[in-house]
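Using the sequences and the accompanying hints, generate a full structural model.
Each residue of the sequence shown is one higher than the last, beginning at 1235 in the numbering used here.
Just so you know, these hints were derived from the structure itself, not from any lab.
Be a bit skeptical, because a hint or two may be false.
[As the list claims (entries may be wrong)] Pair by pair, the computed Cβ-Cβ distance ranges are:
id, residue 1, residue 2, range
1, E1494, P1273, 13 to 23 angstroms
2, R1428, H1269, 38 to 48 angstroms
3, P1425, D1481, 26 to 36 angstroms
4, R1428, V1473, 39 to 49 angstroms
We treat Cβ as the ideally placed atom computed from N, Cα and C, and that holds for glycine.
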Amino acid sequence: MNMAFIRWCNARRIFIRKYLVSALYRLGWQQKFLHLRRPGLALLKGEGVEIGAFEHPSLVPHACRVRYADVITPEQAVRQYPEIDASRLVAIDYLLDLDVDGLAQIATGSLDFVIACHVIEHVANPGRLVAEMIRVVKVGGHVVIAAPDRDYTFDRLRKETPLSTLETYFRYGRSPIGPEDYREMIEANHPELRDADPAVVEGALRGLHDRREHLSVWTAAGFREFLLAAFGWCGAVMVPCYEVESDRNHFEYFGVWHRES
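Right, dumping it as structure tokens:
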């Protein structure tokens, strides 16, 4: 019975994501936020890396050379995320785990740009990801980053991750992520599990952990505040070249930042 319930929860989640997102795309939601990204992406030139592009790589200028980094191969992604369009998955150049080694495979100051759209909310230590993105980009290069606004996603009932907590992770590290780190997500997003058998809840927690669901949650304004703080923690001077917040796209914060030093 417990396994059947877990399978039902997984199937329902996949159904909702697949068909709701499909409907939103048809209504123009995808076109709107992607269209608003274009002026920022048009600023990029040279060679760069996109982290976690999955089946939606950023539309950079044709003259740019982009390599792709992710934690799993396309073959693993198809098995782990059956709701995605497998035919659009990008080939992976760097197979890496941001929570373990960051971007250690990429030399310091070797890139003209680095892109991470809807990646940072999944990692254990967001500040460290920002630091790694800055490290691999040349002075004069660009950091492109996007994160969903809690108020426009399935995370709308969750509490925003405190900046003080993220600073603590940045300065002192964070223990390896396990299923228990997703309990707050279960409590906020899955009220149907509040009175469920503990074995069912544990199964759901393991499922969230396996899929590396959202660990951090922000509003667009809160995410920008975090970014400014993280740049300061890293000692980097970053200037915004292009930004779009959720009051315009009803979905995310998107920013292109120029590394001054």
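message: Hints numbered earlier in the text: which of these fail when held up against the supplied structure?
response: No hint contradicted; all consistent.
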